[in-house]
Amino acid sequence: MSSHAHSAPHAMPAPTGFISKWVFSLDHKVIGIQYFLLALAAVCLGIVLSVLMRFHLVWPSAHLPFITGGQMTPEQYLALVTMHGTIMVFFVLTTAPQSGFGNYFLPIQIGAADMAFPRLNMLSFWTTFLAFVAIIAAFFVPGGSPISGWTAYPPLSGLGQVTGPGEGWGQTMWIVSIALFCGASLMGALNFIATIIDLRAPGMTLMRMPLTCWGWFVTAILGLLAFGVLLAAGVLLLLDRSAGTSFFVPASEVVTDTLLNHKGGSPILWQHLFWFFGHPEVYIAILPGMGVASHLLSTFSRKPIYGYRAMAYAMCGIGFLGFMVWGHHMFISGMSPYSGFAFSVLTMAIGVPSAIKTFNWLGTLWNGKIQFTSPMLFALGFVSLFISGGLSGLFLAQPAVDNRLHATYYVVAHFHLVMGVAAIFGIFGATYFWFPKMFGRMMSEPLGKLHFWITFAGAYCIFMPMHFIGIAGAIRRYADYTGVQYLAQFQPVHKFMTIAAFITAAGQLIFLWNFFWSLKHGAKASDNPWHATTLEWSTATPPPHDNFGGHYPSVYRGPYEFSVPGVTEDYVPQHLAPQEVPRSK
Amino acid sequence: MPIASVNDVVEIIEPKRGGPSGPSKPPRGFGGGGNGGGSGSDSPGRQRAYVTGMTVALGGILMFFMALVSAYIVRKGAGTDWRALIVPRILWVNTAILIISSFTLSRSRRHFLRDDLQGFRHWWYVTTALGFLFLVGQLIAWRQLNAAGVYLASNPSSSFFYVFTAAHGLHILGGLGALLAVAFHKGRRMSLATSSSVVAMYWHFMDGLWVFLFLLLTLGR
Amino acid sequence: MHRDLRIRDLRSKGSAATPALLALLITIMVVATVYVFAANLYPAPTAITAIGEMIDRQYDMTLWVTGIVFILSQLGLAYAIFRFRDRGQKAAFTRGNNTLEVIWTSATIILFVGLGLLGRKAWGETRFTPAEPNAIQVEVTTNQFAFNFRYAGPDGKFGRIDTKQISASSGNPLGLDSNDPAGKDDIVVPTLTVPVNRQVELVLHSQDVIHNFYVRELRLQQDAVPGLAIPIHFTATKIGQYEVVCTQLCGLGHYHMRSLLNVVSDEDYAAFLKASAQ
Ligand code: HEM
Ligand SMILES: [Cu+2]
Ligand SMILES: [Cu+2]
Chain A
1 MSSHAHSAPH
11 AMPAPTGFIS
21 KWVFSLDHKV
31 IGIQYFLLAL
41 AAVCLGIVLS
51 VLMRFHLVWP
61 SAHLPFITGG
71 QMTPEQYLAL
81 VTMHGTIMVF
91 FVLTTAPQSG
101 FGNYFLPIQI
111 GAADMAFPRL
121 NMLSFWTTFL
131 AFVAIIAAFF
141 VPGGSPISGW
151 TAYPPLSGLG
161 QVTGPGEGWG
171 QTMWIVSIAL
181 FCGASLMGAL
191 NFIATIIDLR
201 APGMTLMRMP
211 LTCWGWFVTA
221 ILGLLAFGVL
231 LAAGVLLLLD
241 RSAGTSFFVP
251 ASEVVTDTLL
261 NHKGGSPILW
271 QHLFWFFGHP
281 EVYIAILPGM
291 GVASHLLSTF
301 SRKPIYGYRA
311 MAYAMCGIGF
321 LGFMVWGHHM
331 FISGMSPYSG
341 FAFSVLTMAI
351 GVPSAIKTFN
361 WLGTLWNGKI
371 QFTSPMLFAL
381 GFVSLFISGG
391 LSGLFLAQPA
401 VDNRLHATYY
411 VVAHFHLVMG
421 VAAIFGIFGA
431 TYFWFPKMFG
441 RMMSEPLGKL
451 HFWITFAGAY
461 CIFMPMHFIG
471 IAGAIRRYAD
481 YTGVQYLAQF
491 QPVHKFMTIA
501 AFITAAGQLI
511 FLWNFFWSLK
521 HGAKASDNPW
531 HATTLEWSTA
541 TPPPHDNFGG
551 HYPSVYRGPY
561 EFSVPGVTED
571 YVPQHLAPQE
581 VPRSK
Chain B
1 MPIASVNDVV
11 EIIEPKRGGP
21 SGPSKPPRGF
31 GGGGNGGGSG
41 SDSPGRQRAY
51 VTGMTVALGG
61 ILMFFMALVS
71 AYIVRKGAGT
81 DWRALIVPRI
91 LWVNTAILII
101 SSFTLSRSRR
111 HFLRDDLQGF
121 RHWWYVTTAL
131 GFLFLVGQLI
141 AWRQLNAAGV
151 YLASNPSSSF
161 FYVFTAAHGL
171 HILGGLGALL
181 AVAFHKGRRM
191 SLATSSSVVA
201 MYWHFMDGLW
211 VFLFLLLTLG
221 R
Chain C
1 MHRDLRIRDL
11 RSKGSAATPA
21 LLALLITIMV
31 VATVYVFAAN
41 LYPAPTAITA
51 IGEMIDRQYD
61 MTLWVTGIVF
71 ILSQLGLAYA
81 IFRFRDRGQK
91 AAFTRGNNTL
101 EVIWTSATII
111 LFVGLGLLGR
121 KAWGETRFTP
131 AEPNAIQVEV
141 TTNQFAFNFR
151 YAGPDGKFGR
161 IDTKQISASS
171 GNPLGLDSND
181 PAGKDDIVVP
191 TLTVPVNRQV
201 ELVLHSQDVI
211 HNFYVRELRL
221 QQDAVPGLAI
231 PIHFTATKIG
241 QYEVVCTQLC
251 GLGHYHMRSL
261 LNVVSDEDYA
271 AFLKASAQ
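Respectively, the protein sequence lines represent chains A, B and C. First residue of the first sequence: 1, per my numbering; consecutive thereafter. First residue of the second sequence: 1, per my numbering; consecutive thereafter. First residue of the third sequence: 1, per my numbering; consecutive thereafter.
Among the hints, erroneous ones may be present.
Pairs of lysine-lysine residues, derived as DSBU-like cross-links and limited to a Cα-Cα distance of at most 30 Å, are as follows [to be verified]:
hint, chain 1, residue 1, chain 2, residue 2
1, C, Lys184, C, Lys90
2, C, Lys90, A, Lys524
3, B, Lys76, C, Lys164
4, C, Lys157, C, Lys238
5, C, Lys90, A, Lys449
6, C, Lys121, C, Lys274
7, A, Lys520, A, Lys449
8, C, Lys184, C, Lys157
9, A, Lys524, A, Lys21
Hints are computed from structural coordinates only; laboratory data are not their basis.
So that you can see chain A by itself, here it is in the shape it has in the complex:
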């Protein structure tokens, strides 16, 4: 049986037609690229929406040609907030790092021919695609897109059109989209976990997996346990809206003088279910980025990762604790203050594995031989942003201090740095690093660096000042600063951030240009241009349909053997048998 497996190593024969090769492909590499392109489209849209928001905050009465009525209304602003948040969290940060790069590189890095279940993989991509279509459709349905934020708290989200424009069809489309997304993510998570457990090459023990694989593994487990909960909550919310049930909508609701006919549902129940998903979700967004950052820091410092085991355990610790801290989003929600305090202490504790990771990243750089390639720059940027954004979490984790900071721009600053921009830096780092393997060509280094400078400086200019005005009391999700007097003083800061956002957003065009230009015109890449150690660099560029061209690698050592004393080269690939390693005398 096993010899048979070697002569016909791939589950699926290579497809030939265009449709089966590029549309309904079963190849994890093609599916990975499909996910990546979906996320790329989503991030472009998400950025455009955020730029519109920033524009409106500074020039609220400006005429915009493409908006009905010319001027943006408050509900249109809130629709932008909601759609921006939803698209970024689900279709960018959950899609690109895990489903995109994870799909492409997880099987190759562990030496498998494909994911465990290729058909399921295809199904989960197309379900994600449908979910994306559904969320885009929310822009065009009667009443427009929803306005209840990416957290969709009922009763605002549970009563339909009476609570505001966009809360009719738009909110329904939102729920449908998220439900589809949950289904797709569950399928994806299952596939990742089974692949890691059962399809590792000989010698690829768990403790020899690249940290990227650890990131994808823990993320998949989080996704498996979290998305089902959001799905359940979504189903109940949909029933409240359309079938007259009262899971979340309380009794005796009076909206604009009309008494509604619901029984005593619990709005806080939604918050518990949502954040039971929502907190792990932010780790779903960032863990793959942590894996990529670790991988890049080690590779381009030409040093083994510092404290491999500590890094792997820290990821598991984050995953585990990640399910016990959801209440830190609800300190002021009316939840019992005693549970609030317990959640607070657990949240402070989850800072520990994050700090361990940071220390080990610095330890990896220390006494290294750092090569400043574009992927490395983004990995270094990741570390800096993660430190900045992580530390501000220590304020929000304390309910007393949260009394002061909750729902201010401080929160917006915190989560954009630590999960938004840091995760995006992980995606960029991964793109510059793996582009040559995926497409056989290098991306332009000078353009990559330029892109980095603009994005790194820009991200800090947009989001650092948000801390300052947040501490002084600037409230988030406000369409306008005219309603509250003390907000007017922050306008100069808003203006600064908006201009920074324009520049940063424009800077992303450099990336797009670099990406698409390099696809055709980039310098040809060798099989291992970065002199890296993991299995994807042991195969052809781009990898053949079955990843390793008919044979399968065995693994002889850990993933980060750089600058090993006594070896000629400064890296030892995982697949080289010891006697094959070139040694110096």
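Chains B and C with the ligands: place on chain A using the hints.
Showing chains B and C with the ligands alone in chain A's frame:
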């Protein structure tokens, strides 16, 4: 095998304590850390992956239902509007049918393991039939509640009843599809041994889940 | 192994410009941030309650701890970036150090969890301790997009609410039951007036969606959830007028859902009650 055994290689790189790179340890860890490189459809790694995949899927499904269950508990404690639901008697019969179907399924698997394909098929069909019977019984329960004027939105207790039974019923429907697929051995990718054991896992799980939900709905109402 | 000259160039010994610029950017970011905090460029208004001051102390302590960690780790990163750039040296070969691992793990546990435990006091004062029995009772009712404050009036009793009678358009936004005599003297006003140095207990209600009561000078924030009555309390120590805002997304008018908190002397408070009673 084209690949030299990993064990008999002499490591030249100094092993370091605490590092990830102990020299050429043989594959280990759960799942064995290796499948002979074979990701082919009939390789042991891939067959094992079906079992792993089902285990993992059941974990996800469990979380979905546990979310509903915790919503049930919280919602029951939160409002003053909760009225206990008298579950239709026929649910006892349905529950018994589902439990019996688990026994017939084990019986079928035992025949399979003894290479008695005929006995296997026989009991497999019986299980499938019982599964259908269970679903019909659930539909009758819904009809009875409707006739008694208890609808989805009547009371939170009835809302939860319909949500639980519908969600579980859909999963049973999927299970029936799988039972039929195995009965006619459609999936060529999976050996009959794997597919029947994977489907059996699923079916037993749905059975156990139903018993739990049923107890919740009757005792915890 | 394959060699590609172009790529090799790219990986090998680069100029010092890139690491210098990156280290510089990080340093500028740190300096600018520290400067804004040190110079207090965007000052928060001073707290007007003792608990608010306690919260500020907890905040300050957190700021010190995180500030120091922030400066050290960012500058450490900048230093490593510049110091260990590729100058043709050989990278050190090490896989880590368990002792260091244990040290920084325990240090962060003590620091972070300790900080969290210290925060208990201020939080406990705002939420664990109930209001004093003689605190002034005010009922806060929110709806899209307004605050209403109800005082019990001379009889000290709140009248019953009948949701069917709610009608903002006919001047009964709270739905005071016209059949309940206790409600006849209830005062319903759109702004909150409280006497200085007296404890006030607010009970938050909402009629439709979730809203929030936030006064930055009080350092106090609490959701108003429909179906729940949530009490909070404070003792304002400084006479003045402060803005009350809603911080929970409640619909299109969220941004202008605002009211005022007037902290007044005892005499002014009595005058306010008298004037409103008519
Ligand atoms: C050019 C970059 C970006 C800019 C200028 C930007 C700007 C904004 C602004 C102005 C808001 C509204 C804040 C408020 O009023 O509450 C917002 C909200 C949000 N952003 Fe971004 N953003 C950017 C990138 C991202 C990224 C990469 C993510 C991925 C996590 C993200 C996720 C979110 C989320 C989750 C919200 C909250 C939405 C809600 O309140 O429901 N943003 N962003
Ligand atoms: Cu969280
Ligand atoms: Cu509001």
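Hints versus structure:
1. The suggested pairing of Lys184/C with Lys90/C is violated, with an alpha-carbon distance near 86 Å, which exceeds 30 Å.
2. About 28 Å separates the Cα atoms of Lys90/C and Lys524/A, which keeps this hinted pair within 30 Å; it holds.
3. A distance of roughly 26 Å separates the Cα atoms of Lys76/B and Lys164/C; the hinted pair therefore holds under the 30 Å criterion.
4. Pair hint Lys157/C plus Lys238/C holds up; C-alpha atoms about 28 Å apart against a cutoff of 30 Å.
5. Our distance criterion of 30 Å between C-alpha atoms is met by Lys90/C and Lys449/A, whose separation comes to about 25 Å.
6. Taken as a hint, the Lys121/C and Lys274/C pair is broken in the structure, with Cα atoms around 38 Å apart against an allowance of 30 Å.
7. A C-alpha spacing of about 20 Å is found between Lys520/A and Lys449/A, which places the hinted pair at or below 30 Å, so the restraint holds.
8. A threshold of 30 Å between alpha carbons decides the hint, and for Lys184/C with Lys157/C the separation of about 10 Å falls inside it, so the pair holds.
9. Note on Lys524/A and Lys21/A: the hinted pairing holds, with a Cα-Cα distance of about 23 Å set against a maximum of 30 Å.
Checked against the numbered hints given earlier, this structure breaks hints 1 and 6; the rest are met.
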